[in-house]
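For the protein sequence lines, the chains are U and S, in the order given. Residues 377 to 613 (the numbering used here) make up the first sequence, in order. Residues 91 to 442 (the numbering used here) make up the second sequence, in order.
If you are wondering where the hints come from, they were derived from the structure by calculation, not from laboratory data. Hints should not be assumed to be uniformly reliable.
[As the list claims (entries may be wrong)] Over the 10 angstroms line for every Cβ pair with chain U, so calculated as not near, a few chain S residues:
1) L98
2) V199
3) V207
[Claimed, not checked] Cβ-Cβ distance ranges computed for the label pairs, FRET-style:
4) G397/U x R163/S: 33 to 41 angstroms
5) P380/S x D594/U: 55 to 63 angstroms
6) S399/U x R428/S: 52 to 60 angstroms
7) Y280/S x Q503/U: 36 to 44 angstroms
8) L233/S x A413/U: 31 to 39 angstroms
9) A110/S x N414/U: 45 to 53 angstroms
10) P429/S x A489/U: 56 to 64 angstroms
11) T210/S x A413/U: 53 to 61 angstroms
12) R304/S x Q503/U: 19 to 27 angstroms
Every residue gets a Cβ at the ideal spot worked out from N, C-alpha and C, and that includes glycine.
Below are the chains, spelled out letter by letter.
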Amino acid sequence: MAMLEVNDIHSYYGNIHALKGISLTVDKGEIVTLIGANGAGKTTTLKTISGLLHPRHGAIMLEGERIDGLPPHQIVMRGIGQAPEGRKIFGALTVLENLEMGAYARNDTAAIARDLDFVFALFPRLQERRSQLGGTLSGGEQQMLAMGRALMAHPRVLMLDEPSMGLAPVLVEAIFETIRKLNKEGTTILLIEQNAAKALQVASRGYVIETGQIVLQDSAENLRKSEKVRKAYLGEA
Amino acid sequence: MRRFSERLNLTDVIMFIIGALILLLVVVGSAATLYAGKYTTRQWLDLVVFGVALGSIYALIALGYTLVYGILRMINFAHSEVFMAGPFTAYFLADAMGKSGFLDQNLFVGLLIIFAVSMTVSTIVAILLERIAYRPLRFAPRLVPLITAIGASFFLQYFFRGLYGPNIKVYPEIAFLKNVIRIGDLNIQYLQVLVIAAAALMMIGLQIFIQRSRTGKAMRAVAEDKQTAALMGIDIDQIIVITFVIGGALAGAAGVLYALMFKQVNFIMGFIPGIKAFTAAVLGGIGNVPGAMVGGMFLGIIESIGPTLFLDGLNVPAPQQLKDAIAFTLLVLVLIFRPSGILGEKLAQKKA
């Protein structure tokens, strides 16, 4: 059974038909990437999975249980963690408080402490700045905090929305290295990226989304070779 | 310098002149009053103590406005009726306990019961208000809940008028609370001690709750960004209800303190203190919790000493009648010179 299964969802912003039947699956232990241009519906797909938008048609299943229609906080409790687009750090909360908010839905104190150690080991920078306000961090540090905060929910599926956006190349490397490392330790990841080259390097499978529809799906290796992807997303002639 | 003069527009200049004139009036008036030396130190201290007590009450009510604004970006204009509902209901109990002599014999227990009843009633009204009047309009344009708030305010006034009648009711005198502590020239009634101490205790408790507790942190997260807070697993509706509960309980407590100080309760008792507390919240910087406390205290003290200090020396007749004019002039001044309020929200943090 797939860890996360999205089945023919249609989402709307008012009357705008933003997702026109998206289907995708993420298996346990996989990194799956969803690539596409600006405005293609990547973030809308994540918002629909996390419950910020409710699909008008279709179903979303987490390990066989339907989660579409639930409010966002219950979806988080069932095990979907998200580092949202634009990082969305709580600027007036300290780094540590931001991480505590990530674990808000849990009450297993001992396990939360373990996860906090894990996040600090993954991003030592966050430990150094634990009592600093989130709003004073640099862009790269905020991305680390966004990922750390999502990990504090100890999610069954971690959704990352454009983790490399606006970061210097050396930080992009570091973030993707971390994604690989997390996956090796057993985290299932749904990765959204405009940086298709990088995304297809770490992912095992990928989906290409255009104007609210999946137009291609294949193994990451085949997608890298595909004429269409190379032209449209990898910037090759 | 040329650039600077180009950027100045006429409105700014006029506002600045008005502000400067008022400040001049205040300075000249204060100097004249103090020079005339009509009032003793003891009288000034009396006014300050009264101002601090009144300010504590304003601060408690102001917290209700500011907490709700912080979370929902909405002015809950029915908060003044939340403030009225508690002490108006608790009056019947207070009256019965006063008449039977229970209140004088068991002051502590009696007051505790009055507070408990008043806070409970105010909290229930606040919860119902949120559930019935505001939640269905959460995603409506901002003007809609504002109008609803005003409507709910009138509804509550006349609901309680129908329930308890239109007459002014008088809280029992408590002999013990009229005792006075004397420290040199400083005279403080036990009642004022009670008001200031109770308010301080609640405000400290609230501050600790917001800064330290899991729920308090979640409130701050929701105030900053609801969508992201929801992605953390925070139940937004639950946090909003908790916010109304805290605001309601504080208003209910403030209502009893107000009733003990001014004795009278009726169905429109909330209107003036409500507007004043709203002013205090704006003065301190709406949405800012310490700001509401500072704003309330500031307004209470200015209102108490302001008329005498600023106007008496200028031979204005009956300066105490002008205390509301002073309070709102102060609001205008703050809005001219510091539109975000004394402790207004820090923009750098908001952008992050």
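Going through the hints against the structure:
no.	hint	verdict
1	L98	holds, 32 angstroms
2	V199	holds, 37 angstroms
3	V207	holds, 33 angstroms
4	G397/U x R163/S: 33 to 41 angstroms	holds, 36 angstroms
5	P380/S x D594/U: 55 to 63 angstroms	holds, 57 angstroms
6	S399/U x R428/S: 52 to 60 angstroms	holds, 55 angstroms
7	Y280/S x Q503/U: 36 to 44 angstroms	violated, 51 angstroms
8	L233/S x A413/U: 31 to 39 angstroms	holds, 37 angstroms
9	A110/S x N414/U: 45 to 53 angstroms	holds, 52 angstroms
10	P429/S x A489/U: 56 to 64 angstroms	violated, 44 angstroms
11	T210/S x A413/U: 53 to 61 angstroms	holds, 57 angstroms
12	R304/S x Q503/U: 19 to 27 angstroms	holds, 21 angstroms
Checked against the numbered hints above, the structure breaks hints 7 and 10 and satisfies the rest.
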